[in-house]
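Here's the letter readout for the chains.
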Amino acid sequence: MNILVFVKRVPDTESRIRVQHETKTIAEDGLNFVVSPYDEYAVEEALRLREAKGGTVRVVSVGRDEAGAVLRKCLAMGADEAFLVKDASPETYDGLRTARIIARTVERKFPGADLLLFGKQSVGADNSQVPAMVAELLGLGQATVVTKFEVEGASATAYREIEGGTEKVVLPLPAVVTAQKGLNEPRYETLKGIMAAKKKDVPVITLEELGLGPDDLASRVEITGLDVPPQRQAGKILQGDPAETSRELVRLLRGEAKVI
Amino acid sequence: MIAVFMEARDGKIKKSSLEALSEAKRRAEEMGAETAAVLVGASVAGLAPAAFALGAAKVYALESQALADYSSQAYALALAGFVGDVKPGALFFAATAMGKDLAPRVAARLGVALASDCTKVAVRNGELEFTRPIYAGKAFLSFTLKSTPKLATLRPNIFPLGEAAPAAGEVVRKDVPLPSGAVKGRVAEVIKEESGEIDVTEADVVVSGGRGLKGPEAFALLRDLAAVFPRAAVGASRSAVDSGWIGHQHQVGQTGKTVSPNLYLAVGISGAIQHLAGMSSSKVIVAVNKDVEAPIFKAADYGIVGDLFEVVPRLKDELKKALAE
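Residue numbers (the working numbering), protein chains in the order written: chain B, 1 to 260; chain C, 1 to 325.
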């Protein structure tokens, strides 16, 4: 199987996010960047499929040079090759723009791919848009938010999480699949893997060579504001006998907060 | 016109779709526009009254035998066809499992941008402005869309339901031609969770447990507490999920689900920033923790400092009494 995995570089989930109001951007200094956690499940799934069925795992990231570090992490996990689609643009929050870049990358550079794996969303922009958009642009079937995935010949079965249950989707390959927590347990890089990853080239693909014009790359999202959530007022803290604090809490929830 | 896709499961329109329709109605009135509901399926026109009751002027029923079961590709084709025909100014979805799966495909098919998982919609200078959490709620982004129609998914449990009043309106049936071979993939089966529990994203009350529970057994206490409420679900912190005490579909936080219930009860959860991100849009937050210094108390509206094993059963009894009154 020829598997493509798309990964994004994001601040880790322990990060405290600070806003730069003048530029309406997130302050990046002091943040620790990682492979978006859901993308790690996608990489792991690709590696397991390769181990079971043979083939190659290629990892692709769209972003600035700094994304090279997360690509190396994927190589260290065991991916065969990694590619950086160089896009110097700051975060636009326009999923269609990214989806166009990815769809064109697949068409021009990796037309023989059997499976396109993504994380269910990037941790950060939290858009959950790009994979399904790529599927539509390429005319492929999709299964998003997948917790179990099986491949049998040219067909795949994916179990996707829905409210109060699971949807079993059967789809022909090639297809777009997005990983949810629970799909697998991502492996750690080995020292050998890290050393091998250091020696590998990470080829750069430019937007020009993909033939993308200004119209494809224009963001259709006009940012009007970026803010941190308002601080909650200090709450009421009850201490003492559990029976009394419980009674008092219920009284407050009814009389003051009016939620019960 | 603001059109709203109505998600139907088990022959009923989902509450989150009705919330989206209610919000569409409020914003459309502000703009002097109409509201319409869009139903997709094999035979769905019969669901129209629920949409008329919330103020839809028209209900479009996009029908075909091929649409009996949900398919992102087929539904996207149907909705893109509807947009081409009717040319609404905006098309809203609920940000449910289906809405998040479907809306991006419709957007890509139409070549327009999409506002995902919005928690606020406003009208500014006659234009829709969307606000949505990013970094799981550590920041909020506001923006307008430069493409038309304006596509958006609206987060469940955020937008209030409108007052329902019996009303009549026009049902417009449209046949949807689906070229053979256009649809790849199908839903073979929907497997319901045996417990019949509702999802944390849809619950009015979420009772979550963390490391303080010390093991999977204590989640039974939380289930008992949740059972006191009519629409409650049990949630969990990442450490409880990673310890294998409860399934990941219960996880609330930045690598889990983002929830906005009326009441969020955090039991034995210290309040790591990635957890707070997933629940801070709850209307009222209550924390039970034995450590008075736990960061969760800074996020909570009310807190009880105490041993959860003593507090939770008593709290359950008190709540039961109060709710019976």
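What the hints contain is simulated information worked out from the structure, not anything from laboratory work. Note that this is a predicted model, so its numbers are computed, not measured. Wrong hints could be hidden among the right ones.
Claimed, not checked - Per the computed footprint, the stretches of chain C lying under chain B, defined by three or more beta-carbons under 8 Å from a beta-carbon of chain B, are:
1) 19–31
2) 38–47
3) 59–69
4) 87–101
5) 169–179
6) 192–206
7) 248–254
Using N, Cα and C, we set each Cβ at its ideal position, and we do this for glycine too.
Evaluation of the provided hints:
no.: 1; hint: 19–31; result: violated (count 0)
no.: 2; hint: 38–47; result: violated (count 0)
no.: 3; hint: 59–69; result: violated (count 0)
no.: 4; hint: 87–101; result: holds (count 5)
no.: 5; hint: 169–179; result: violated (count 0)
no.: 6; hint: 192–206; result: holds (count 8)
no.: 7; hint: 248–254; result: holds (count 5)
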